[in-house]
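One letter stands for each residue in the lines below.
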Amino acid sequence: MKKELSLDEGKAPCDKPIDLLAELRSTPIKEHGVIDLLGIAAFFLVITPLLSTHRITDFMIFCIFAMSFDLLYGYMGRLSFGQMLYLGTGAYFCGLFIRYVSGNPLLAILAGIAFAGFLSMLLGLIIVRTTGACFALINLAFNHIGFFLVLSPLRGITRGEDGFGVSASKFGSLSLTSRPIMFGFVLLCVLLVFYVLRRLTSSPYGILIRSIKEDETRVRFLGYNTFYYKWLTFVLAGSIAGLAGSLTALNYSYVNPNAMDVHSNVGVVFACLIGGAGNLYGAIVGGVVYMIISNLLPIYIYRWEMFLGFSLIIIVFRFRTGVWGYIQRSWEYLVKRKVVPGAMKKEAI
Amino acid sequence: MLEIRNLDVAYGHAKVLHDVSLDIERGEMAFFIGRNGAGKTTLLKTIIGLLKPQNGSIVYQGQEISGLSPEDLYLKGLRYVAQEKKVFGNLTVQENIEIAAFASGEPMDHALDKVTRIYPKLKDFLKTKAGQLSGGQRQILLVGRALVGEPKLLLVDEPTQGLAAIVIEEIVNILSGLKDQVSAVIVEQNLAMVNRLADRLFILKEGKVAREIVDRSEISDTKELEEYL
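In the order they appear, the protein sequences are chains A and B.
The numbers in the first sequence follow our numbering, run straight up by one, and end at 349.
The numbers in the second sequence follow our numbering, run straight up by one, and end at 229.
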């Protein structure tokens with residue numbers, strides 16, 4: 001002890017920001033083994049025959065969007081009511097790229113991600129300075145502005161309420177207009193996003209953003225520039241939402257202002273709460289459950305939104321860690337006998 | 001090591017510290033005692049950059065630090081252990097240490113070793129969520145975490161508040177082990193602890209330094225000191 005703590009020889013702690021690429025390289029791979037990825041792939045492949053390829057592709061895109069939202073809300077504790085802005089930006093720029101620049105779908109997706117990322121970089125400089133309700137509402141405000149812009153002032157480019165068709169050319173011998181190929185491509189994207197986020201959230205960067213969620217001031221006591229990490233997370237979440245938007249544009253071969261509809265933000269919030277916030281599996285499970293409810297329930301129940309409201313009330317009061325959290329804890333209780341059932345109730349959303 | 005001159009601090013219009021001036025030498029353990037509202041915590045919060053002084057200066061190792069942010073002060077070797085014993089409750093004990101190790105660039109195994117050496121029982125709780133620890137264990141974790149990354153000055157606010165006597169003894173032993181290795185400014189009401197550890201004692205009264213005591217026999221005179229609590 002005496003040798004380690006020296007008043008004179010102590011060097012100042014390093015203030016190097018976390019390098020996300022280095023984090024990805026250094027986090028042990030075995031912790032995020034292929035079993036997880038195979039499990040997710042198998043899950044989507046199994047449920048596909050029950051519905052349709054196109055629908056499941058849509059579900060998977062929503063899951064990517066839910067993971068981007070979960071990074072912000074579940075991991076960093078910043079509830080956003082404006083994540084659709086970045087999804088819409090991705091969709092529009094992907095569509096516009098195909099329409100005006102090149103039909104190459106991969107380049108179009110990159111354009112969608114880049115512009116959504118760029119927008120989140122700019123807006124993030126303002127937005128991440130806020131917390132709580134202010135953070136949620138300022139996101140909503142920017143989403144409203146974006147929605148208004150594509151609807152009216154930019155209608156010369158975006159074709160306003162009518163939207164425009166997106167017909168990507170073939171990529172090599174692959175055509176993303178083919179539903180099975182689009183399904184396979186989106187599945188790969190889901191796995192890639194999951195893999196990257198899983199590794200990041202398991203690294204010191206992940207520990208850091210979870211600490212920010214708990215108590216930002218105390219993270220500053222540990223020498224971190226929390227603004228930078230909040231901004232980085234915001235940009236990462238915006239870029240992933242941009243990917244989801246680009247895939248939406250390609251999946252529907254069409255973009256209209258619905259891609260940026262502020263009301264759709266409720267869906268991703270519900271999905272995260274249903275699945276369990278702060279857990280990537282939860283985002284996927286919640287995304288699928290929400291999409292099943294919102295796609296299939298209207299066929300049988302006229303005012304299906306009421307069911308969604310009731311299910312959320314039940315989740316808030318009974319399953320506060322969401323469906324995945326409950327499954328996880330039940331599994332731990334049954335197999336490892338680690339958790340007292342009553343402890344489940346103590347978890348906050 | 002730390003020179004404070006003519007420090008005035010206020011919460012809005014309510015002035016809490018009035019013209020506080022003091023010096024703390026390198027390697028010393030300086031204690032602050034005083035009644036509730038005397039300004040002890042305010043003083044620590046001002047040193048660590050959470051509050052901005054109205055007037056006065058805080059010079060640390062020859063450099064003016066008033067107005068610097070907590071993260072800048074961390075990089076200068078200052079560590080703050082707040083009163084509330086707030087660990088990152090949803091992180092494991094190991095993650096609580098890891099986040100400090102990463103900030104300081106200290107290897108994780110080295111940081112873990114450093115923390116568990118001051119309190120070996122923590123080894124059994126490394127995978128436990130820190131929120132499930134007892135108050136005493138949390139306090140020890142916080143003190144241990146503050147030692148990660150070569151600290152130079154510890155600022156500890158009421159480390160024994162609300163803890164059982166046996167845990168207080170443990171904390172006193174830990175802090176005692178740090179004597180002569182790291183400078184510390186400790187706010188404390190437990191006079192037995194002050195008696196055992198203090199090299200210098202400041203008595204705060206209504207936002208002013210009422211007395212400064214360096215003499216050991218005076219520090220040991222707990223009966224007299226009790227009048228100030």
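By construction, these hints were calculated from the structure, which means they are not laboratory data.
Here the structure is a predicted model, which is why all the values come from computation and not from measurement.
Quick reminder that beta carbons are idealized off the backbone N, C-alpha and C, glycines included.
Heads up, some of the hints might be wrong.
As the list claims (entries may be wrong) - Straight-line Cα separation of at most 16 Å, EDC-like style, residue types lysine to aspartate or glutamate; simulated pairs:
#1 B/K127 with A/E216
#2 B/K86 with A/E332
#3 B/K86 with A/E161
#4 B/K86 with A/D215
#5 B/K208 with B/D8
Claimed, not checked - If you want a taste of the chain A side facing chain B, the calculated C-beta under 10 Å gives, among others:
#6 A136
#7 L208
#8 K213
#9 D261
#10 R320
Quiz prompt | Hint check, failures only | solution = 1, 2, 3, 6, 9 and 10
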